[in-house]
Structures are given as structure tokens and as C-alpha cells.
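S.K.: If you want the building blocks of each chain, they are given just below.
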Amino acid sequence: MALIPAMTITIVCFYGFIIWTFVISLTRSRLLPVYKFTGFEQYVRLFANERWWTAMQNLAIHGFLFIGGCVVFGYFLAILIDRGVKAEGMFRTLFMLPLSMSFIVTGVIWQWVMNPGLGLQEAVRALGWAGFEFNWIVRPDRSIYTLAIAGIWQQVGLCMALFLAGLRNIDPNIWKASRVDGIPVWRVYLHIITPMMRTVFFTVFILMSAIVMKAFDLVVALTGGGPGFSSDLPARFVVDHILNRQELGLGAAGAFVLLCTVIAVISPYIYFELKKERGGRGH
Amino acid sequence: MFYNTSVLEEAGIEVPKTWDDFIAAAEKLKAAGVIPIGLGGQPWQERIMFNSVLLGVAGREFYAELYSTLDDDLLKSDTMRKVFETFAALKPFVDEASPGRNWNEATNMVAKGEAAFQFMGDWAKGEIIAAGIEPGTTVGCAFAPAIDTAYIMTVDAFAFSAMDGEDATPAQTLMAQVMLEPDVQIAFNKKKGSIPARLDVPADSFDVCAQTAIKTLQDKKTHLVSTGLFGVPSAVSGAIDDTISNFWNSADMSPEEGQAQFQQAISYAK
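Just so you know, the protein sequences line up as chains A and B, in that order. Under the working numbering, the residues of the first sequence are numbered 569 to 851, in order. Under the working numbering, the residues of the second sequence are numbered 2 to 271, in order.
These aren't lab readings, by the way, just hints derived from the structure by calculation. A hint or two may mislead.
Cross-link-like lysine-lysine pairs, in silico, DSS-like; alpha carbons within 30 Å at most [said to hold, decoys possible]: (1) B:113 x B:18; (2) B:271 x A:604; (3) B:92 x B:271; (4) B:271 x A:782.
Excised from the complex, chain A in its bound form:
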């Protein structure tokens, strides 16, 4: 009984609107919903749109680099802190600090840093290294990587905190035993600790995936999708078409394809992880 309000909200707001989005995507709605069905015409238009494919490809690149980068750097920082550094509290705060900023602020900061005329490139050249180049943000073939750089910078602190919590939960006896056996530290991390941290990796992966899928504000603030539409992401494509271009049907089709893609990519991983956990509990 107590769950009824929550369930109603979930069903209406979540599944209800997914269905509604799908219905809209079958119509030729422009500014406002109209229910004149045209079959899969919006999907045909969507798949013929080069900007959409650029955005989808960018999602794959950005997702891979961003999640990978957050996991690798976050884990690495957590290990460094866990090894016992002086002023641990200070480092923890330092790495967590970017998280307190919104993606918009992050985007603006990095836009300045990476601007070839005022940022890092100009600063290094002023120091005397005239051939130094860091102009990714203005190069259509590199601009997507700048998103990952800014994104990782912002989110790595959160990943570090999660990994650190996991590392602190490791039974100290494991460390004592490995010392007795004379196993090098890196092997303990690689072969013993990392497999034990499986659930933490899972959590980080899911959290970061969610951030990638809805990545919108970072693109808007950092590159505006440019140069051209080389750093566009599907979420921005969808919002742009629904709100700015009066292409409600096309935007809805984009949103639905995005949802299907996400389900297709993420669900096998979630399924296997959860199955393994359930199996593990049986022992």
C-alpha cells in the first residue's frame, strides 16, 4: 500500500512518457503534438541526418573515454591515497572540489583553458616553446576529446571517493597475508583487491554511464557542439530539435533511438553482474 504513490509516479512519469515519446515520434508533429501518424517517416529522416550519426558516434567515443578515464584515474588516485599520503584530507578535498561545480561552469573554464588564442597553447608559447600545439577544441576531428577531458576532470573525484570507500572496506588481514607471502604490492592490487572491488566498479560504471547518456550541458558550455557539429551529442540533438527547431517528431524519434541504444548496450552488463551477485549469495 505504501508503495502505491511512488509506483504511480514511476509508471506515469517514466514508462508513460516513454510511450508518449514513442507515439509522438510516429507523428509529424512540429511545434506542438499533433496526432497525424506517418509511420516511421521521422526515423527515416533521422537516419538520413548526418548530424545524428556524428552525435551517436561521438556518444560512443565520449562514453568509452569518459567512463574509462574516470575508472582508471579514479582508481589510481584512490590507491595513491589509500597507500597513506600525508595530508590525505587535503588531497581528498582537492580532487573532490571540481565536483562542486556544475557542468556549465566546468565547460566555461575548460573553454578558456583550451582556447588556442588565450589558453594553454598561448601560455606555453609565451614561455618560449613556439611550436607547442594544443588546439583540439577548434579542430573538428579532435573536439570530441575535449569533452572527455573536461568531464573526467570534473567527475574523477567522485569515482575516487567511491573506490577509496571500497579499498577501506578490504579486510586488513589480506594485506598481512600477502606481506607474509611476499607478493609485490602491484600484484595484490591487480589480482586480489581489484576482483574484490567488483561491486564498486559496477556502481561507478552505472553512475558514469548515466552521466554520459544525459550529457548535454557540458557540450553546450564547452563547444556548443562545434566546430560545425563535430562535438554534438544525441541529448543535445534531441533538445535542439524539440525546443529550438520545432521538430518535435524528429526529436522524439531521436530520444527513442537513444533509449534503445542505451538499453542494448547497458542491459547485458547489468544482467550479468546482478546474476553473478545472486549466484554468489547462494554459496
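Knowing the structure of chain A, use the given hints to seat chain B on it.
M.R.: Frame of chain A, contents of chain B only:
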């Protein structure tokens, strides 16, 4: 089109009247170490430049017909290819840091003499005046190179919502009347850097740029509209922005490919 007079004088060039002249002038300027075009690399600014080229190369009748009919034959025509070729020829004349730049930063580049030309609406005059320069002096203005004279207009509109109460409608009417009074038009447009919305306002108190514009608009044939705001559905204008910006920023895309994508994007969006 705005330009820095002293930069042009130093390089020994006249204000170009055709796009071929412009490209020749830009090469000279580049060799002299000046950025020929101060461009804010955002889609709408790239579109302003594209439309200037379209108008300049193809003429005002082609411009008006293309955007009112979005006709496939026109989009596929040789004239259109010439437009894309000319537009592509401008690519080497912007600086590296252009993508993403705001328009007023580009205007400042022209005011400071770092860049020679900028293609922008007359609102750029606000920045120029703020930099302490009287438009028409250090920073000059001219129509972008073109085969015939035309004025691509961007219009600001005020909308009143329907309201309850007896006083509301007369108040709204009064507001509209006051706004369109010649004196108000003059005072407002001098501050904003634009030109009056009515043609019968005396032009003599305006700066040189505005005077030219007001005089030009007396001939109705010169009236054209900006694609960003009016004339075409926003789905089409969005598709136009996408393809132009993509073409401008893809160094290896040929004019033929750009033209084909432009035509395709418009036919899918309309």
C-alpha cells in the same frame, strides 16, 4: 560588412566590391600579417557570412527566390555551386581561434585592427561606439561585395498579450504608438545601432552607416530577410545552419559535397 580603415590603408587596398576582389584583398592582408576576416565561429555567424556570399555571387533575385521556394533546381544549380566555391575560398582567411568565438569579440578584433573585416549586422555598431569609435571613421562600413544592392534585414518585434481589464488595450495601443513616433525611433535606434522601422524618418542625424542603410531601403527591391529568423520554417533554418557550419568547418569537404548536403538537408527539413 565592417572593416578597419587604417588596416586597409596600410595594406593599400580599397573596399572590395566583388568577391573576387575580396579574396585578392584578403590574400594581401594575410601576407601582411593581419587576420583578413574576424569571424565568430558560431553557426549563426557563419550563416550571416554564407548569406552575404550567396547574395553577392548569385544576386538578390536568386536569394529571394531560393529562400522563398527552397526549390531543388535552384539548390542544384551551377550558380549555387559558384556560391559554395566562393564560400570555401574564404576558409583560409580566418584565424585558428575562431570556432566558438562570440560576435562582439570579433567586432573588437576589427576595432583594434587585429582583423580587417567582419560580416555582421548593424548591432555591431553598439560595440564599436562602446570602444569609443564613431562608425564610419576608423571602423568603416559597407555592403558586402555583391553584384546588386540589397539589404538583408533582421527585425526586432514586440508582441503584446491579450489582457483583461478596460485600461489594458488602450495602454498597449499607446505604447505601440509611442514606440513608432519618429523622435522615439531616432533616439532608440541611435542607441541600439540599428535603423528606424519606418521609412519616413529623417536620416540626417544618424551616422554614415545608418544613413546609407536608410537610403538603400527606400528602394523596395533591396528588401531581403534573414533566414535565421524569418522567411523559412525553423526546421529548415536549423538544417541550413547545420550544413553551412559543417561545411565551413570541414577542411576537406569539396564545394560539390557541401552543395549536395545543403540541398539534401533542406529537402528533408521542409
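S.K.: Now, for every hint given, state plainly whether the structure supports it.
M.R.: Now the hints, each set against the structure:
1. Annotation: proposed proximity of residue 113 of chain B to residue 18 of chain B holds, straight-line Cα distance about 23 Å (limit 30 Å).
2. Only pairs whose Cα atoms come within 30 Å are accepted, and residue 271 of chain B paired with residue 604 of chain A is accepted, the gap being roughly 17 Å.
3. In summary, the hint linking residue 92 of chain B to residue 271 of chain B is supported, as the alpha carbons are separated by about 28 Å, within the 30 Å threshold.
4. The straight-line distance between the Cα atoms of residue 271 of chain B and residue 782 of chain A is roughly 29 Å, inside the 30 Å bound, and the hint therefore holds.
The structure is consistent with each of the numbered hints, conforming to all of them.
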